[in-house]
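Participant: Following the hints, complete the assembly by docking chain E onto the known chain L.
There are 2 protein chains.
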Amino acid sequence: MRSIVLESRPYGIPTAENFGLREIERPELTDGNVLVRMEWFSVDPYLRGRMNDVKSYVPPFAIGESISSGGIGVVVASKSERIKEGDRVLGHFRWQEFDVQPGGSLTVLPVSEVPYQYYLGALGMPGLTAYVGLFDIGSFQEGQVVFVSGAAGAVGSLVGQIAKAKGGYVIGSAGTEAKVRRLKELGFDAAFCYANLSPRQALDSLAPDGIDLYFDNVGGEHLEAAIQSLRPFSVAVLCGSIASYHATEPVPGPANFTGAVISKRLRVQGFIVSDHSDRQDSFRLEMSKWISNGAVVVDETIVEGFSSLPEAFIGLFRGDNLGKMLVRVES
Amino acid sequence: MRSIVLESRPYGIPTAENFGLREIERPELTDGNVLVRMEWFSVDPYLRGRMNDVKSYVPPFAIGESISSGGIGVVVASKSERIKEGDRVLGHFRWQEFDVQPGGSLTVLPVSEVPYQYYLGALGMPGLTAYVGLFDIGSFQEGQVVFVSGAAGAVGSLVGQIAKAKGGYVIGSAGTEAKVRRLKELGFDAAFCYANLSPRQALDSLAPDGIDLYFDNVGGEHLEAAIQSLRPFSVAVLCGSIASYHATEPVPGPANFTGAVISKRLRVQGFIVSDHSDRQDSFRLEMSKWISNGAVVVDETIVEGFSSLPEAFIGLFRGDNLGKMLVRVES
Numbered sequence: 009m010r011s012i013v014l015e016s017r018p019y020g021i022p023t024a025e026n027f028g029l030r031e032i033e034r035p036e037l038t039d040g041n042v043l044v045r046m047e048w049f050s051v052d053p054y055l056r057g058r059m060n061d062v063k064s065y066v067p068p069f070a071i072g073e074s075i076s077s078g079g080i081g082v083v084v085a086s087k088s089e090r091i092k093e094g095d096r097v098l099g100h101f102r103w104q105e106f107d108v109q110p111g112g113s114l115t116v117l118p119v120s121e122v123p124y125q126y127y128l129g130a131l132g133m134p135g136l137t138a139y140v141g142l143f144d145i146g147s148f149q150e151g152q153v154v155f156v157s158g159a160a161g162a163v164g165s166l167v168g169q170i171a172k173a174k175g176g177y178v179i180g181s182a183g184t185e186a187k188v189r190r191l192k193e194l195g196f197d198a199a200f201c202y203a204n205l206s207p208r209q210a211l212d213s214l215a216p217d218g219i220d221l222y223f224d225n226v227g228g229e230h231l232e233a234a235i236q237s238l239r240p241f242s243v244a245v246l247c248g249s250i251a252s253y254h255a256t257e258p259v260p261g262p263a264n265f266t267g268a269v270i271s272k273r274l275r276v277q278g279f280i281v282s283d284h285s286d287r288q289d290s291f292r293l294e295m296s297k298w299i300s301n302g303a304v305v306v307d308e309t310i311v312e313g314f315s316s317l318p319e320a321f322i323g324l325f326r327g328d329n330l331g332k333m334l335v336r337v338e339s
Numbered sequence: 009m010r011s012i013v014l015e016s017r018p019y020g021i022p023t024a025e026n027f028g029l030r031e032i033e034r035p036e037l038t039d040g041n042v043l044v045r046m047e048w049f050s051v052d053p054y055l056r057g058r059m060n061d062v063k064s065y066v067p068p069f070a071i072g073e074s075i076s077s078g079g080i081g082v083v084v085a086s087k088s089e090r091i092k093e094g095d096r097v098l099g100h101f102r103w104q105e106f107d108v109q110p111g112g113s114l115t116v117l118p119v120s121e122v123p124y125q126y127y128l129g130a131l132g133m134p135g136l137t138a139y140v141g142l143f144d145i146g147s148f149q150e151g152q153v154v155f156v157s158g159a160a161g162a163v164g165s166l167v168g169q170i171a172k173a174k175g176g177y178v179i180g181s182a183g184t185e186a187k188v189r190r191l192k193e194l195g196f197d198a199a200f201c202y203a204n205l206s207p208r209q210a211l212d213s214l215a216p217d218g219i220d221l222y223f224d225n226v227g228g229e230h231l232e233a234a235i236q237s238l239r240p241f242s243v244a245v246l247c248g249s250i251a252s253y254h255a256t257e258p259v260p261g262p263a264n265f266t267g268a269v270i271s272k273r274l275r276v277q278g279f280i281v282s283d284h285s286d287r288q289d290s291f292r293l294e295m296s297k298w299i300s301n302g303a304v305v306v307d308e309t310i311v312e313g314f315s316s317l318p319e320a321f322i323g324l325f326r327g328d329n330l331g332k333m334l335v336r337v338e339s
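Respectively, the protein sequence lines represent chains L and E. Under the working numbering, the letters of the first sequence match residues 9 to 339, in that order. Under the working numbering, the letters of the second sequence match residues 9 to 339, in that order.
Please keep in mind that the hints were generated in silico from the structure rather than gathered at the bench.
Intra- or inter-copy, both count: the list cannot distinguish identical chains.
Straight-line distance between alpha carbons at most 20 Å, and here's what the computed EDC-like set of lysine to aspartate or glutamate pairs gives:
id : residue 1 : residue 2
1  : Lys63     : Asp212
2  : Lys63     : Asp283
3  : Lys92     : Glu36
4  : Lys174    : Asp289
Quick caveat, the model's predicted, so the values are computed rather than measured.
One chain only, chain L, in its complex shape (with noise of 0.2 Å):
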């Protein structure tokens, strides 16, 4: 079977040359343990940062090994009880067209009316990131006005449409006009293309009286023309920074930082949607009730093809995804 691991570590942007195919032994099947024939990848741009030699809130991928992440498989084996052959299984995986993990460490999906693949997205890490960051960190209230930047993304799409769906007044940014027409078909009260226009013109213009809570996908000039923005008393919720993950120079903070964070009195805050498995229930069954009524809509972006895997995931930092962007293993 053939498995993807990290050939180099990438400096800076990653390229295909980082990336290493290869063709190894399937797994052996041993006590407590699954065996798993993958379906689904998520590529994430957390990933990035595992690429790079430091210490983080995760390991750092060994140079010659499997890179891992969220995936959906089916089990084809088992010698853990509690699962069985023919489960649909989400968990985090080696990204190799099977897999062996402990049983304990994944969720047996239930059959429902939704694709499993949203258990990567809309009803997984992504969405958990967008409800925990936008009601637990940001403290969210109906009413305000929120700004969040890579709107057109994973987690930023449904901070968007879970925002509105909360009487919520929702700017969001993206990468490409096309986007910007997308978040307005999503039920966006105001969008615009940061290629085209400056998050700080931007601002001036969609909220000359200010914002109430910045939920930042990508850092930079987004976040320095946010905290400019920001009415007194309100939050900026760090969730990413895309444009800087692949860094290699010291990227500069926000201009005039301190000075507005004092006068406005402002919280900035960073979280790790690992950190808050607590609210996995409540999440699932708010966001399930949002889907199947519509207020959120799931865009997704499907690359084919287990090969596809390191393409895919540079295609993140290019914005090629609306939405999630995912793997289908065997197209």
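Facilitator: Chain E alone, transformed into the frame defined by chain L:
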């Protein structure tokens, strides 16, 4: 009587030319008001912000009009029911030898064992700032490593001593070696002079395992270094940025800010003491106790004479003060 007005708006660091000394009529006493002969004025870094013609949390001073700040004086005549001749009152006063203010805006100071001017410092606004910043914004807990910048100043000196009194390990920075020696006399566990050692180098050596709370009075390089040293789930309290108050160009933000704030789930929060007057009572009670039992030693730098007000104020930005900078009106 004499009055000190804002002659022109400072560009960068204020100079003597920005201030004017005028002879004016003593103000007339009208109903509800009291006439106060001034004894003490507080000079504070935040006044620099009010000298710019920009909207902030307090309106700017007008050109040709009296500057005003915290002060203490003795009531020489009263048309307020609340206040009687001879009372010592604390309030916000124009820089004049006499001022008339509404009785309702003044606090009558108790006759006590502490010098009256403590109510402009350790028992006043700077004290409450230290208290609220450490406990309410910073969520300080016993056993934590606290780093406070500008630690020999009015607020910083109290932050460090309170944190020590409550079981913290305290590191302070100051602008001269003499101040560093004073911090050690005050019980700081470690201190460094940022004129001789960068905050980054200092924290690497004094707090190799990181810090739990950063109390920022300085901004700039200090904030950047602190962000890198903060441990996961910890807090940076932004209270002041004396280095940037007279900036004439955009002040660069802390480099690599977003990545650190997200991966370490940091909270960075600004505050202004005037939002926290509900904490006044518990603060006064605790601080009085710390002063009387010696846990907090009050440092003051007293400049003599009404006409020295501009020079005392300008001296704040040269770091002339150890502890609270005060002007005694009549020497």
